[in-house]
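Chemist: Chain by chain, the residues:
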Amino acid sequence: MKYIIAMIRPERLDAVKRELQKLEVNRLTVSSVAGYGAQKGHLEIYRATEHEANLLEKVKIEIAVEDHFLQSVIEAINTGAKGNDGYIGSGKIFVLPLEDVIRIRTNETGPNAL
Amino acid sequence: MAIEGADTVWVLISAALVLLMLPGLALFYGGLVQRKNVLSSMMHSFVAMGVMALEWVLIGYSLAFADGNWFVGGLGHAFLRGIDAYSVTGTIPTYAFIAFQGMFAIITPALISGAIVGRVKFKSYIAFIALWGLIVYAPVCHWVWGGGFLTGEALDFAGGTVVHITSGVSSLAILTYIGKRRGFGVDPLKPHNVTLTLLGGGLLWFGWFGFNAGSALAANEIAALAFITTLIAPAAAGFVWMALEWRHFGYPTALGFATGVLAGLVAITPCAGFVTPMAAIPIGMITSFVCYKAVGLKERFGYDDSLDAFGVHGVGGIVGALLVGVFASVGGTGLLLGNTSQMLIQLQGVVITIVYAAVGTLLIGFILNRTIGLKVTESEENIGLDKTQHGEIAYNV
Numbered sequence: 001m002k003y004i005i006a007m008i009r010p011e012r013l014d015a016v017k018r019e020l021q022k023l024e025v026n027r028l029t030v031s032s033v034a035g036y037g038a039q040k041g042h043l044e045i046y047r048a049t050e051h052e053a054n055l056l057e058k059v060k061i062e063i064a065v066e067d068h069f070l071q072s073v074i075e076a077i078n079t080g081a082k083g084n085d086g087y088i089g090s091g092k093i094f095v096l097p098l099e100d101v102i103r104i105r106t107n108e109t110g111p112n113a114l
Numbered sequence: 001m002a003i004e005g006a007d008t009v010w011v012l013i014s015a016a017l018v019l020l021m022l023p024g025l026a027l028f029y030g031g032l033v034q035r036k037n038v039l040s041s042m043m044h045s046f047v048a049m050g051v052m053a054l055e056w057v058l059i060g061y062s063l064a065f066a067d068g069n070w071f072v073g074g075l076g077h078a079f080l081r082g083i084d085a086y087s088v089t090g091t092i093p094t095y096a097f098i099a100f101q102g103m104f105a106i107i108t109p110a111l112i113s114g115a116i117v118g119r120v121k122f123k124s125y126i127a128f129i130a131l132w133g134l135i136v137y138a139p140v141c142h143w144v145w146g147g148g149f150l151t152g153e154a155l156d157f158a159g160g161t162v163v164h165i166t167s168g169v170s171s172l173a174i175l176t177y178i179g180k181r182r183g184f185g186v187d188p189l190k191p192h193n194v195t196l197t198l199l200g201g202g203l204l205w206f207g208w209f210g211f212n213a214g215s216a217l218a219a220n221e222i223a224a225l226a227f228i229t230t231l232i233a234p235a236a237a238g239f240v241w242m243a244l245e246w247r248h249f250g251y252p253t254a255l256g257f258a259t260g261v262l263a264g265l266v267a268i269t270p271c272a273g274f275v276t277p278m279a280a281i282p283i284g285m286i287t288s289f290v291c292y293k294a295v296g297l298k299e300r301f302g303y304d305d306s307l308d309a310f311g312v313h314g315v316g317g318i319v320g321a322l323l324v325g326v327f328a329s330v331g332g333t334g335l336l337l338g339n340t341s342q343m344l345i346q347l348q349g350v351v352i353t354i355v356y357a358a359v360g361t362l363l364i365g366f367i368l369n370r371t372i373g374l375k376v377t378e379s380e381e382n383i384g385l386d387k388t389q390h391g392e393i394a395y396n397v
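Protein sequences, first through last, are from chains R and D.
Residues 1 to 114 in UniProt numbering are what the first sequence lists, from first letter to last.
Residues 1 to 397 in UniProt numbering are what the second sequence lists, from first letter to last.
These are computed hints drawn from the structure, not numbers from a lab.
Be careful, since some hints might not be right.
If you want a taste of the chain D side facing chain R, the calculated C-beta under 8 Å gives, among others [unchecked claim]:
1. H192
2. A243
3. R247
4. T253
5. G296
6. D308
7. E392
8. I393
9. A394
10. Y395
Between beta-carbon pairs, the in silico distance windows are [unchecked claim]:
11. R:A34 - D:S379: 38 to 46 Å
12. R:V33 - D:V9: 48 to 56 Å
13. R:D100 - D:G302: 35 to 43 Å
14. D:I228 - R:E52: 52 to 60 Å
15. D:R300 - R:K92: 50 to 58 Å
16. R:E108 - D:L20: 28 to 36 Å
17. D:V355 - R:A34: 41 to 49 Å
18. R:G89 - D:V186: 19 to 27 Å
19. D:L20 - R:N26: 20 to 28 Å
20. R:V33 - D:V351: 27 to 35 Å
21. R:S32 - D:H248: 28 to 36 Å
22. R:V33 - D:N369: 53 to 61 Å
23. R:G89 - D:I228: 30 to 38 Å
24. R:V33 - D:G296: 28 to 36 Å
Don't be surprised by glycine CBs; every beta carbon is placed ideally from N, CA and C.
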């Protein structure tokens, strides 16, 4: 099993969800996060004063998958998150090994619990 | 004079409208601070309703409006002595007049809180506004409206000098004394919720109709004039601020428009019942431009007027108090009608008020700092005042 963490631009979330739904991946966790990478930051204007905002809004998507789903899920996230342009700040996908999963209601473990 | 029912109704409703400006101010300021200080900032406005309303009826009203000398009223009406339900001021019950004026005494010190958010002990803030109400507000109110040396001389319809110059200049004075927020000029210290600020700005404008049109103290043609100028000047000012930002930064920001509206409201306050609606347009536009430039000064000089209490209320109040000397044409004449002496009187009132408010505020700040202390500790400031001063936080998971 693998644990996928993807950081994407907030405006691409709907597109990523559409791509995942095509694969019938119906389990995911989404959170609003902030961070920066090569992009560094952007300017915001409050009362005629420019503020450098070096923490950028991102959306973090977390999905646990069985190994044979990994490649197609990565492709789906990639397609949705990149859109037509894929400019700087489009995000990253991290893949982690996943040791075990436990479904709290039934105590099932492993792939059955996904 | 006999009591007029319509006048009484209008002044009572206006008084209630002005009180609604306090939650409006709480939202306006609350949205502009960091999320760890939102309750503390809103409490600055709310607690003024408790502290200042009491102080006003106990002693403030008397110091402002009882018979006294050129400088301050007497104690003849302390604890509202000598006033009962049948007392009359003009054409309204004296209780209505006291309540209406009391609303001004409540909101004026609360305006100062915008300059000192995020770094002042709550008990020191309460002591500050209470002392400020007695030492700065009541005398200046007496000068302009209560029979003091500017009464009948300087034009100040609804408090450009009494409310906005005093609070704005005091903001600058106290913030230079207590210093910056930690992280000012280094960390972003951005507004945590501009939507609250917009809603608060709208409530302020709504309440301001009572503030200005209520100051006619009658349901008459001057109230209607003050009402329409209170509609026009902020509209022109909001538009100008938005246009300036659009040109300089490429965006017409929401906070910019709201700030322009506020500057226009401040400027029209002294002018409201003395100028025509067509004069309200340049008054709003000029003030917006000047305040826009003034807000930028804190970047240049490095002082932390956190929510621009001086940049908007102080500067806007000064510009408005001078412009009424230019544009006055109803119940007084200004420069445009050839009356240069009015301009000099306005200037005199402005300068005296600036000096008095600054000195009085520094004195209060000095006394409080030497006794109960003004600022919170470094760690309290880092944690935020909501948790350290009030034991609660605005947003739970």
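Chemist: Of the numbered hints stated earlier in the document, which are not met by this structure?
Modeler: Structure breaks hints 1, 2, 3, 7, 8, 9, 10, 11, 13, 14, 15, 16, 19, 20, 22, 23.
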